[in-house]
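For chain Y, the structure is supplied; the task is to place chain B on it using the hints.
Sequence order for the protein chains is Y and B.
Each residue of the first sequence is one higher than the one before, starting from 1 at the first, in the numbering used here.
Each residue of the second sequence is one higher than the one before, starting from 176 at the first, in the numbering used here.
It should be emphasised that the hints constitute simulated quantities derived from the structure, not laboratory data.
Accuracy of the hints is not assured; some may be wrong.
As the list claims (entries may be wrong) - Where chain B lies over chain Y, by a calculated footprint (3+ residues, C-beta under 8 Å): (1) 8 to 18; (2) 31 to 39; (3) 56 to 65; (4) 133 to 141; (5) 146 to 154.
For glycine and all other residues, C-beta sits at the position ideal for the given N, C-alpha and C.
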Amino acid sequence: MAEILFYVLSAVALLGALGVILARSPMGSVLSLLGSFFALAVIYLLAGFQFLAAAQILVYAGAVLVLFLFVIMLLNLGQLGTRFQLSLAPLAGPRARLAVTVAVALGLVGLIVAQGAAFGAPPPVGDAGLDPLPELALGLFGRYSLPFQAISLLLLATMVAVVVLAKRQRKEDGR
Amino acid sequence: MNVPSEHLFFLSSALFALGVLGFLVRRNVIVTLMSIELMLNAANLAFLAGSRLHSAPGRPDLQGPLFVIFVITVAAVEAAVGLALIIALYRLKQSVETDSASEMKG
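This is chain B alone, in the form it adopts within the complex:
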């Protein structure tokens, strides 16, 4: 694929911006969590684009892929804990809207 790495970065920033928009705009906690996953994926893409940029012909740069492996693991962990919290919230409030949990009034 002969696409310049800039375009991977552009795609990454666009995906991240959409993730931020979803995080701010939606009230459903599950969709909020999905927006976070989207942002983590955009970060992964940026890591890989950077790694591609710094790879020499016979010597691939491995830090990007290694970090992506760690980020994927953390994203899975975050999803598991987040969904458990959503289940706990639903048990308490019978709702998964963020407005239903406003006791602390931050």
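Here chain Y stands alone, though its shape is the one from the complex:
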């Protein structure tokens, strides 16, 4: 049952990703991305990562995509825009961009297949899942406390940067 659900959700995630590219309006892209992220969250849950499934929904669907929607509505970009026009001159032409995508996909799949010997049966998932919160917290505040503090600094810097970027009213104002 869970296996069938996994494959259905994979299809939903891929279709959502395809929708991001194919949608004519940015609004459609955001909604497709939302579907893709929700499918991914349920896949995390099925795979045994309970906390990260919740974090995925809270952070991506709850914060990041709302930010995208907010900007689209603020700038009134809901109308139809241009679709498949490439901006990178060296990659112009449909064949080149298809080739790049196929090459990236084949490279990644090849990397996985090359290491196929390492794969085995998945471990049984206990009640706490594969990301038990007490251990995660111990890791964050113990072994990984330095990256944790670095990322807090990054968040502070981001806050300052975004305020500075968004505060400027007119280009004549200078700084």
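Just chain B now, with coordinates in the frame of chain Y:
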């Protein structure tokens, strides 16, 4: 769920490829940013699949989930800064197409 971890990796690589395609093909900066988010999510899925692969029955591997937490944070930061830049670009050009910002002609 008794799905082999390879299939998680396959899903991850397919999502990443779609993200690359969107990044290359679309001219709207907002959709470009969304493609980057898609690629970061594919990376998260790969981290989790690897973590699942290396977990022993009573001893889950925690490096994958911890890295995913960091990646989620960085993705949120990137979205915030990127959208602020988009707002600044829109103020300057009244447009969010990448072709409208071509002064530097890279």
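Each hint, compared with the structure:
no.: 1; hint: 8 to 18; result: holds (count 5)
no.: 2; hint: 31 to 39; result: holds (count 3)
no.: 3; hint: 56 to 65; result: holds (count 5)
no.: 4; hint: 133 to 141; result: holds (count 4)
no.: 5; hint: 146 to 154; result: holds (count 3)
Taken one by one, the earlier hints all hold for this structure without exception.
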